[in-house]
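Chains as they are written, first to last, in the numbering used here: chain A, 1 to 345; chain B, 346 to 709; chain C, 710 to 1439.
Among these hints, one or two may not hold up.
[What the hints assert, rightly or not] Okay, derived cross-link-like pairs now, DSSO-like style, lysine-lysine, Cα gap no bigger than 30 Å in a straight line:
| no. | chain 1 | residue 1 | chain 2 | residue 2 |
| --- | --- | --- | --- | --- |
| 1 | A | 56 | A | 266 |
| 2 | A | 51 | C | 1216 |
| 3 | A | 244 | C | 1209 |
| 4 | A | 266 | C | 760 |
| 5 | C | 760 | A | 263 |
| 6 | C | 1386 | A | 272 |
| 7 | A | 51 | C | 1209 |
| 8 | C | 1209 | A | 291 |
Calculated from the structure, these hints are not laboratory results.
Given the structure is predicted, the values throughout are model-derived calculations rather than measurements.
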Amino acid sequence: MRQAFKYFGTVAGFVMGLAAVSSPASAQQSLTLICSVQEEWCRPMAEQFEKETGIKVLMTRKSTGETYAQLKAEASNPKVDIWWGGTGDTHLQAAEDGLTEAYESPMLPQMHDWSAKIWKQSNGRTIGIYSGALGFGYNTKMLAQKNTPEPRCWADLINPKFRDEVQVADPNSSGTAYTLIATMVQMMGEDKAFDYMKALHKNINQYTKSGAAPSKATSLGETTIGIGFLHDYVATAVEGAPVKIVAPCEGTGYEIGSMSIVKGAKNLDAAKKWYDWALTPKAQSLAAPAKSYQIQSNKATPVPAQAPKMEEMKLIDFDFAKYGSSAERKRLLARWDAEVRNAAK
Amino acid sequence: MQTQQAPLSPRKASVEFRAVSKLYGKVTAVDQVSFTIQPGQLMTLLGPSGCGKTTTLRMIAGLEIPSAGQIFIGGEDVTLRSAADRNVSMVFQSYALFPHMSVLENVAYGPSVQGLKKSMAEDKAKHVLEMVGLKGLGERMPSELSGGQQQRVAVARALVLEPDVLLFDEPLSNLDAKLRRRVREDIRELQQRLSLTVAYVTHDQEEALAVSDEIIVMNNAKIAQRGTPHTLYSEPADLFIVDFIGDANITDVVIDKVKDQQADIQLGPLRFTLPQRGLGQGPAKLAIRPDAISLSADRGLTAGVVSKAFFLGRLWEYTIETEFGALFVTVPGRAAPFVVGSSVMLDFDVSGMVLVHDCPDKKM
Amino acid sequence: MFLSHLPRSVLALLALAWASVLVLPWYWLSSFDATSLNGSLAAFWLVAHGKSVWLAGLLLPLFTLSLVLLPRLSQRQIAWLLSLGGLLALVMLLGQGFAIGLRGWDWPWVGQIVGTQVFGAIPIQQGLGFGGYAYLLAALMLMSQGLARFGLCRGDAFIVSSITLSFGLITLFVFFPVSRVLIQSVLVPDGPGGGTTWAFAAALHKLDDPSIWGLACLSSTRNCGVVWNTLFLGVVVGAGSTLLGLAFALIAGRSQWPFKPVIRLLSVLPIITPPFVIGLALILLFGRSGFFTGLLSEWFDIPRSRWIYGIYGVTLAQLLAFTPIAFMILLGVVQGISPSMEEAAQTLRADRWTTFRTITLPLLRPGLANAFLVGFVESLADFGNPLVLGGNFDVLSTKIFFAVVGSAVDESRAALLALILLVMTLAAFWVQNVWIGKKNYTTLTGKGDSGLAAILPAGVSWSCALFVIPWSLFMLCVYGIIVVGGFVVSLGRDYTPTLKHFETAFKITPSDFGMQFSGSAWNSFFATLEVAAISTPFTAALGLLIGYLLSRQKFSGKSVFEFCTMLSFAIPGTVIGVSYILAFNVPPFEMTGTGMILVICFVFRNIPVGIRATMATLSQVDPSLDEASLTLGASSLTTLRRVILPLLRPAIITALVYSFVRTMTSVSAIIFLVSAKYNMATTYIVGRVEAGEYGVAIAYSCVLIALMLAMIILIQLFVGDRALGRRKAS
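Generate the whole structure from the sequences, applying the supplied hints.
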C-alpha cells in the first residue's frame, strides 16, 4: 500500500510538473521583452512598466549577438515582441534583414538628434535610446608602477612602453571592438586606420570575447589599459576600482543603444506602449541608479554627475548607415582578420 | 529426494515441430526440422556444440522465433507467441537464479508475476522447495547455496508453474561427476512421477542414454537420427551416430556377398556375417564396439600386440595393434591384466558389430 | 466475450486515438489565440465547423485501425490492419503537419496539386497540441502492436513498442533538428527576395581557410588554425587527465593512505562546479593581479605576467574539471582487476614492479582508453573555460559560438565548424574501438575471487604521490578561493567579509502574504530546479530503456539507432541550441518558449551517459536471467521492472546523478532556449560574470554546489545498492 502511494505520488508529481512546464504564457495581456543591457537596469525597467501599465512583462536578458541569432532563427514565427537595448548596429542589421517593424512614436520630437538619425536611417525600424562614447580607461596603480606618462590620446596607446598592456575585444565577437574599427576608419581613412591598428596590435595583450571584459580586467589590474565604452569604466570607478577614464584627444566614435519592435510581434499594442514609455524621461532616469551611465536619448532626461560629458568630447559624425551594413562590416572584419589579427608581433 | 504426495498436477502436452528453420543472417542454425514429443515423454536433443539443439530448445520456449515452419504445443499453434505467453518453463545451464532475490522469492517469482497473491505464491513455492528437498533454505540467497542446491532451486522455480512442457538446457554441466549422476536420476524420477513432458538438451551421450525415453541426435542443423537409446546404440543410422553414441572402432571392410539381408564381410583375414542394413557389395564401414572384443592370452581369431593399457577401476582400456589397424578394447576391471608389449589373441562378438553407411557429408 | 480476441492494450490505444481527434484540443494553445475558436477544439469539431478541413484526412486511418474490432479476424489480418493503419496515420499526420504551416503551404508543390478549391487559397495552422501528440503516440503504438503480431522481437509487443517509441523520439529530437542545422550549412540565401539555393561549392569554399587549418604557429609567432588548437588541447587534456586520474585511482584503490576520503571529495567537486567558476578562480589565483602572482612577485621578484590567458590557463582549467571523470572511470577498473591474475604473475616469479608493468597496466588498457576518450571529447565540447581563459587562443567551440552570436554572424560557417568538431569526436570513438580491439579484458566473473590485491611497488607509489599531493593542494586552493569569494566584498580588491552577495541573490523578505523570495536569483533557481527535477528521471528512464534495447534486443537499424543516440552528445551545445530553435519554433512541433523544450533538450543531451552505463552494467548480467523470467510467464515489462532494474542500480545512479548535475551546470545548448519564465541558473551566472559581479556569481555557485551534493547523496540513498547477498570482504 505504501508502495502504491509512493508510485502514485511520484507519477502525480511528474504530471503536475509536466503540465506546469508545458503550459505557455497566461492569457493576460503581456509583453515578451528581450533586454540587452545589464540585468540591474533591465529589472527595474520591467517592474516599473508593469506597475504603470498593468501589462505583464516577460523579460529575458540576452546579449546583442544572442538576441540577433534568436530573432533570425525565429523569424518565421517570432516569440519576442520588443528588443530593448544593445548596440545599434546589430539593431540596424536586424532592420536590414527585415526582422523588425517600423514605428513612429509620438515621443520622437523629444529625442536627441543622434537618436532620431538612426531612426531615419533605418526607415523607422529602430530608435536610439542611449549613447556612449568610445574611449579607454587605465588602472592608476598599474600605471604608477610602470612610470609612464598618462595616456590621453589614441596615439599614446601605440607607445612601445605599453607593450602587452592594452586590452580590447575581438571585433569578430564584440560590437564594441567593431565600433573601434569603424571609428578609426572614419577618423583616419581606411589605410591609415589599419596602419594604426597594426601598430596597436603590438601592444595588445589579449583580444577578449566580450566588449565589456577589458573594463573588468582593467579594474582588477589584469591589464593596464582597456579600450571600450566609457560608461563601463565609469561603473567600475564608481564601485571603487582605481580606474581613470579617458576621452581621447583626437576625438572618438560612439555607440547608440537602440530599441526595435519585432516584426510579427504577437503583442504589438503592448510593444508600442513600451516603446513610447521607454522614451520618457521618467523611464530613462532609471538608468543611473542601476549604475548605467550612458547618455539617455530624451533631451529632458537628467544627466548623472558621474557620466562622461559628451559635450566636452570631440565626437565624430558617425555614419551608422554605412558602417552598420552587413557588407561593409564583413569587408572590414575580413581585412582586420587578415592584416591585424594574424600579423606578427 | 523425498517421495511424497506431489502437490502438482501439470497438464501433459505434446510438442510438435513442422519443418521449422531458424536463420541468423546467412547462417542456418536449424534446417527444416520436424518431430513430435509425446505427452509425458522425456525427449533429449543430443549433438555436438553448434548443431542447433539449443536453438531448437529455445524455440520451444519462445526465446527464439522460427524463420520458417510451425510449432505446436498441446495441439495449439504457438509459433509467433512470446515466451511469456507459453506455458513452458526452462531450467538454464547457468541456472539463471535472480541474484538479488532469496531462494523463496526466486521460486515464488513465477506465480507472483502471474498475479497470485504474495502469500499464496510463497506457500506454493515452499511446497515445491520441500518437494525438491530444500525445505528450510528459502531465506538464503542463491550465492549462499552449493552448486547442487542451486540446481534444485532452478528446477523448483521451473516446476512451480506446472508447465505444459519443461525444458532443460544442459542442466548438469556445472556439477561434478558424482553429483551429476544423482541429479540426473532425480530429474528422471521427478519426470516420471509427475509424467512431465520434457525436452532435454545435452552434449553428453551417456547422460542422454541414461535419462531419455527417446533421443534426437542433431548434426549440422538437421536431425541425424531419432530413436530410443537402445535403437541408437544398436542400429546407428550412419558413422556420425556410431561415433557419437558410445565408442566404436571404425574399420574399412569389403562386402563380398549379400543374401537374405545378411552380408558376408571380410575384415583382414577374418570373415563375418552381419545384417546387411541396406548396404550393397563392395567396400563398406564396420563399427566394432570396444566391449565386443574379448582378449585372452592364447585363444582367439586373430593376434595382436598391446600398445597402451590404462586401468580405470571398473574397466581396463587397451589399444591393440592388429594387422587391420589399432583397436580400442575395454575389458572388465576384474580380468587379469596384460602388460604393454605382450601378445594377445582377440575374439569378436558379432552382436557388438554393425555395418554402417558412410556419413552423408564427410565432415567427421 | 465480445472483443476478447484483442488485448486491453490495443483497445486502450484505439480509445486514445479516437479521443485525440474527438476530445483533446488539436492545436497548441498559445496566449495570443486562446480566445479564438481555432485553438481549443478537437480536430473533429474543427472540421465540423469548416476549419482546418484537411484534418478530416486523419479520420481515414482511424477507421482502418478500428476494423480490428470486427469479430472473426485471423491474427494475421489483425496484424496487417494495425501495421498499415498505424503507418497511414503517421504519414497523414506528418504530411499535413509539414505541408501546411503558419503562413500557408510549406510544401508549395502539394498546394499546386490540391489547388485552392478545398482548403482555400492560403491554409494556415499552428503547432500540434495535446490532441496531435496523442494521435502521434497512438498511431506509433498501434503500428508496433501490429508489427509484434508478425513475430517481430519474439512477438513481444512491449519490446516492439519500446523500440518504435525510442526510435521516434530520437528521430524527432536528435536527428530532425541536427539535420535541419546541417542542411542550413549548405543553403545560401537568394538575396532579399527570400528563397534559398543549395550551394555545396560555396560551403566547401568556406572550409578552405587558414584560420581553420593554418599551421603558421610552427614557423612564426602567429596563431595556428583552430582545428589544430582544438586537437592539440584535446590530446593534452585527454592524456593529462588520464595520467592524473590514474595516479589518484592507484592511490585510492591500491594504497593504505590515510587521506583517501579527501581524495574522494576532491574528485566530486569539479563535476558539480558550474562552468566559468574554475576559470574565474584561476584568474584570481594566477592572473596578473592574482593572489599567488602577487606573492611570487613580492617575495621572489618574479615579474607579473599573463601566462594564464591562453593555452596554459585553458589546459589547467580543463585538467581541473575533467580529471575527476578520468579518476572515476579508472578507479572502477583498478578495483575490478582480479587479484588472482596479479597473484598468478607473482607465483611465476615476477617481482612487484614487473607484475605492475606486465599485468596491471595492460589490464587497465580499456580504462585508460575510455578515460582518454572522455577527457578528449569533454575538452572538445568545453566552451566556458576557453571563453574565460582563452585569451588569443581560439578553439572550435568558441569559434562556433561566436559564428552564431558574434558581430559577424555566419550560421553556415558555424554549421561547418560543428561538422568538423563532430567528425573529430566520432574519429576519437573509432580510434578507441580499434585500440581496445577484441581482446578480452573481463576480470569480473560470477566466481568469487578471494585473492589479495597486489600492493603498489614503492616507486610507483611515490611517483603517484608526486602528482597527487601537489594537485590536491592546488585544488584546495582553487576551492578555497571560491568559498572565500562568496563571502568577501570584492575578490582581488577588497577582502572585507560580507554576506551581501548571498543577500542580493537569495534574499527572503517576510511580508503579509508569507515569505517573499525577493532575491534576484530565486527565479532562475526555482526554474532550474524544476527543469532538472523533471528532466532527470526522464533521462534516466529513457537511457535505461534504450540501453536495455541496444544490449539485449536484436532489431534491424540498431547501429544507426545507436549512432543517433551518440549524435547529440558529440555536437557542440551552441549548435544544438540553434538547431532546436530552427526545428521547434514552427509547426508541426512548436514548443519554443516553454519549459518543455528545455526539458527535452536536457533529456536528449544527457541520455548517452545513461545508455552507456546501462550497456556496461548489462554486459555483466547473464542474459539467461531475462530469459528465465520470460519463461516464467513474466512479460518483458515485468522482467525489466523486477529483474533487470534491481540489478542496474549502479547504472541508475550514474544516469540520475549525471543528468541532474548536467542540467544544473550546462550553458551552451540552452542559452537560446531560455525564456522569461524559464531562465536557468547558469545563464544567470554567466550574466553576473559578464557584468563583473564575481561575488554574486560565486555565491550562487556555492549554493548550487551544496544543492547538488545534497542531491547526489539523496539519489544514492533513494536508489540504494543492489543486494546480492555476497559476503563482504572484511
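Non-conforming hints, listed in increasing numerical order: Of the numbered hints, all hold.
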